[in-house]
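Given only the sequences and the hints, what does the whole structure look like? Please build it.
Residue numbers are given in my numbering: position 80 of the sequence shown equals residue 80, and the series is strictly consecutive.
Because the hints were derived from the structure by calculation, they are not lab data.
Just to be clear, a hint being listed does not mean it is correct.
To be verified - Heads up, simulated BS3-like pairs for lysine-lysine below, C-alpha to C-alpha not over 27 angstroms straight-line:
#1 Lys125 - Lys203
#2 Lys125 - Lys284
#3 Lys203 - Lys90
#4 Lys284 - Lys256
#5 Lys151 - Lys125
#6 Lys277 - Lys125
Said to hold, decoys possible - Here are the in silico distance ranges between beta carbons for each label pair:
#7 Leu200 - Gln127: 19 to 27 angstroms
#8 Gly110 - Lys143: 16 to 24 angstroms
#9 Lys203 - Thr242: 30 to 38 angstroms
Built from N, CA and C at the ideal position, the CB exists for glycine as well.
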Amino acid sequence: MRRAFVFISVIILIILFIFTFNKVEILDKKQSAVMAFHKKTSSKNFTLKAVDGFYKTHEGDSSIDSRIEEVMQTTFRQPTEWGLHVTGVKNRLRTDEKVVALSFDACGGGNGVGYDEELIQYLVKEQIPATLFFNRRWIEANKETFLMLAKNPLFEVENHGTHHKPLSVTGNTAYGIEGTKSVEEVIEEVMDNHHFITKLTGKSPKYFRSGTAHYDEVAIEVINKLGLEAVNFDINGDAGATFNQQQVQDSILQSKPGSIVIMHMNRPEHDTAEGVKLAVPILKERGFTFVKLSDYDLE
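The structure is reproduced here in structure tokens:
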């Protein structure tokens, strides 16, 4: 009887050992799979940064807030539009009043990290409000100047992207610049700089303008789901800071009630400032006043 009891006990111990060993092996395999997944996803060429209320990172694991989560769970169709004025982009102020919104991009990187001090000083002297769109690379190269401009109530600070990429979910290009390639990359291009600006200024941007101002309409849907508005223009004021002063003046003077003018403040060696100084007094004589984007609804 005792031998039988001992035999049964040994059998039970063997079974428990086998079960425990298999369970540990399964857990090890699961852990290895998880580690492999994180290694694979972290090697992608985009990263969802951890800032403020959108997503927090703890040891490489992100928890996504409601807006990001909504975007990530949405199934988007393939885009059919590409360009400057696709469906959903705001190009004008919604008004018939004789007002014009001047907007200036600071692109950064190979597109120029300069500061057109002459232009800004003229706006300040004449008390001309304007909306300034900053790329993260420009901010990093001109942080003190950025903070100085952000504190001036004459200007509003908005988002010109992280890497100055055209905004696409399929990798479309504009002017030879490759755009974002997925919804995730769209989020990173928009939100990384959004949070960077928010952290520096204490105020979150409301508007976004992509590098090259090109989009597909699905990228616009993503921007809107993030609670932002994509803003372009109906007057191309300086053609990427390539116009001479007469061309800049002529372009600005095409403004109509509610126009949004795009120009650049990162190429001081070009003629944007001179063209603005020529055009502004003429528009004033025509009865126009100058406003910021946030002063009116957009269309």
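Outcome of the hint check:
Annotation: proposed proximity of Lys125 to Lys203 holds, straight-line Cα distance about 25 angstroms (limit 27 angstroms). Taking the CA atoms of Lys125 and Lys284, the gap is about 15 angstroms. The hint holds against a cut of 27 angstroms. Taking the CA atoms of Lys203 and Lys90, the gap is about 22 angstroms. The hint holds against a cut of 27 angstroms. Taking the CA atoms of Lys284 and Lys256, the gap is near 13 angstroms; set against the 27 angstroms cutoff, the hint holds.
For the given pair, Lys151 sits about 16 angstroms from Lys125 by alpha-carbon distance, which is consistent with the 27 angstroms threshold. About 11 angstroms separates the Cα atoms of Lys277 and Lys125, which keeps this hinted pair within 27 angstroms; it holds. At roughly 25 angstroms, the beta-carbon separation of Leu200 and Gln127 lies within the given 19 to 27 angstroms, and the hint holds. In this structure, Gly110 and Lys143 meet the distance hint of 16 to 24 angstroms, their C-beta atoms being roughly 19 angstroms apart.
Distance hint check: the CB atoms of Lys203 and Thr242 are about 32 angstroms apart, consistent with the given range 30 to 38 angstroms.
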